[in-house]
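Chemist: Numbered per full-length UniProt numbering, the sequence shown spans residues 1 to 354.
Calculated directly from the structure, the hints in this document are not laboratory data. Mixed in with the good hints there might be a few duds.
To be verified - With beta-carbon atoms standing in for the labels, derived distance ranges:
# : residue 1 : residue 2 : range
1 : A318      : A60       : 48 to 54 Å
2 : L18       : A178      : 40 to 46 Å
3 : G194      : R324      : 21 to 27 Å
As the list claims (entries may be wrong) - With a Cα cut of at most 30 Å, we get these calculated DSS-like pairs of lysine-lysine:
# : residue 1 : residue 2
4 : K287      : K26
5 : K175      : K240
6 : K143      : K175
7 : K328      : K287
Cβ atoms here follow ideal geometry from the backbone N, Cα and C, with glycine treated the same way.
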Amino acid sequence: MSPVDSVLQLVRPDILALAPYSSARKEAKGGRVWLDANENPETPSAHKPLLNRYPEPQPADLVATLAALYGVSPAQCLVTRGSDEGIDLLLRTFCRAGQDAILFTPPTYGMYVVAAGIQGARCLTVPLIREQNFALDTAAVLKAVTPEVKLVFLCSPNNPTGGLLDRAEVLSVVKTLATRAVVVVDEAYVDFSGQPSLAAEIGANPNLVILRTLSKAFGLAGARVGTTIADPAVIAVLQKVLAPYPVPTPVLQAALAALSPNGLAASRESVAAIVAERARLAAALAKLPAVKRVWPSDANYLLVEVADSAKTMAAGRAAGVIWRDRSKDVPNTVRITVGTAAENQATLEVMSRV
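Just need the whole structure built from these sequences, with the hints factored in.
Modeler: As structure tokens, this is what we get:
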């Protein structure tokens with residue numbers, strides 16, 4: 001059995017047998033008079049661009065541009081409504097309600113457990129090693145994977161702790177689980193790490209899936225543009241589950257503008273500024289009496305341990321400065337997004353008074 005066939009055996013049998021919805025826009029291209037999709041032939045003049053026509057299910061120009069950005073082939077890319085939709089698609093594709101499970105490594109991104117709950121999949125957890133800056137416990141992860149586990153989610157850089165998981169350790173998990181589980185590496189924040197994506201490893205490891213987004217480094221959180229990167233056979237199965245039109249026309253235009261040469265230059269400049277501010281903010285926070293620890297970060301945020309998280313959060317709210325309380329994950333911690341120099345100064349001023 002080929003490595004790809006081994007991965008496809010993990011897919012829900014009913015999904016493998018499912019015939020995907022065939023939209024009008026998918027069936028026909030290059031027409032002059034469009035009378036196949038029950039669209040209104042007119043659009044209000046205020047709508048620019050024209051919005052009376054359905055968009056392409058997977059806009060070819062956007063897919064090609066994202067593939068070039070991520071160093072993969074277009075056949076390896078699926079554009080979704082943010083990477084959250086990618087998480088949901090993976091759960092619905094691989095996990096049978098009441099039978100299958102996922103594994104993730106807390107403290108980590110909360111959507112994995114939410115998507116699993118919606119699908120009725122069990123959740124197994126292997127905590128990151130706090131004493132090692134929340135490193136991956138590779139041996140424990142591999143030991144915990146049972147036949148019911150279809151998906152292993154690894155967030156790198158990890159949210160909320162900020163650290164990049166060791167590349168060799170992640171690949172060890174991927175290779176060891178080659179025929180047993182799909183390993184999903186969520187790289188939403190990798191642009192801030194200065195390290196390469198694992199996407200280039202998919203060719204040799206068809207059980208590896210990468211999640212990327214334009215929400216962070218490209219500043220398009222409101223547009224909801226994510227990319228699931230996987231073996232073409234896995235992408236083909238995910239397309240069976242994906243709703244027909246995930247990329248609205250205005251979103252497509254915003255994404256292409258962000259991925260233009262000028263947009264790419266602006267993103268690089270933004271990332272460099274955030275990385276510089278991250279270092280400045282971390283150093284300044286570490287000197288404050290109310291701060292007990294600032295964890296190293298490869299993302300656009302810092303996890304900060306404080307003396308009293310409730311008091312700290314209240315002080316921030318009173319000043320109109322909003323952080324994220326992560327004390328349920330790591331006691332007495334707040335996650336602080338790295339903002340502009342002025343926004344970061346506001347954080348420091350409030351923290352200095354706690």
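Chemist: Hint compliance check: list the failing hint numbers for this structure, sorted ascending.
Modeler: Hints 2, 4 are the ones this structure does not satisfy, whereas the remaining hints hold.
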